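Quick mapping for you: the protein sequence lines, in order, are chains A and B. The first sequence lines up with residues -10 to 102 when you count with the working numbering. The second sequence lines up with residues 217 to 330 when you count with the working numbering.
Where hints are given, some of them may not hold.
Unchecked claim - Derived CB-CB ranges, DEER-like: (1) A:H101 <-> B:S289: 39 to 47 angstroms; (2) B:G267 <-> A:T(-1): 36 to 44 angstroms; (3) B:R238 <-> A:M43: 36 to 44 angstroms; (4) B:T294 <-> A:S86: 18 to 26 angstroms; (5) A:R46 <-> B:S289: 27 to 35 angstroms.
In case anyone wonders, no lab produced these hints; they're calculated from the structure. These numbers come from a predicted model, not from an experiment. Ideal placement from N, C-alpha and C gives every residue a C-beta, glycine not left out.
Spelled out from the first residue to the last, the chains are:
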Amino acid sequence: GESVGLHLPTLSVQEGDNSIINCAYSNSASDYFIWYKQESGKGPQFIIDIRSNMDKRQGQRVTVLLNKTVKHLSLQIAATQPGDSAVYFCANAGGTSYGKLTFGQGTILTVHP
Amino acid sequence: GAGVSQSPSNKVTEKGKDVELRCDPISGHTALYWYRQSLGQGLEFLIYFQGNSAPDKSGLPSDRFSAERTGGSVSTLTIQRTQQEDSAVYLCASSLGQGPGELFFGEGSRLTVL
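From just these sequences and the hints, can you work out the full model?
Dropping the structure here:
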């Protein structure tokens, strides 16, 4: 069945380091991918998204890479800060219902000062 | 309001009781979604409303779950005869339309069924 999963459930880094969070997806029909950040007790917050006609997209301190050949997605956070500590979810969607996102299980990112 | 508002933020109920969870989306957003998040898990799609179209109910886990959206704005998710496995955080989101784009999530309603 359709699934989106993560390679690493936890990631611990030092402040200032770069972080890479990985995600695998299984639905070849997916054409829209999105990363969310969720802090404790809060709803998910949009970070960055990418369409399948792109393989890289950059935001402020974040970069998303998409490899459709191996169905792999990654989120890179540059100069990680303690405020980046949260759970990060990848999600995908496609077809006519882009709000029907399939979420991965999440990666816990902990940034040590 | 400024963001998606959900109520109650916390609800404790006894097994077998019915519960209603409310979502007030961002003004002007035509699409509204309900997701469920069990402890330590990712989000699970439940139902999706877009304008006046029939809702996509494909994620509802059983017929004990239902949702409505009145006047294209506020939505209520109802769980009848609650079970312990219904315990989770129920998240509502809204967006400008049904195309690709950011979903704005509320802070969720945490449901605990004893």
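Hint by hint, where does the structure go against what was stated? Just the numbers, ascending. none
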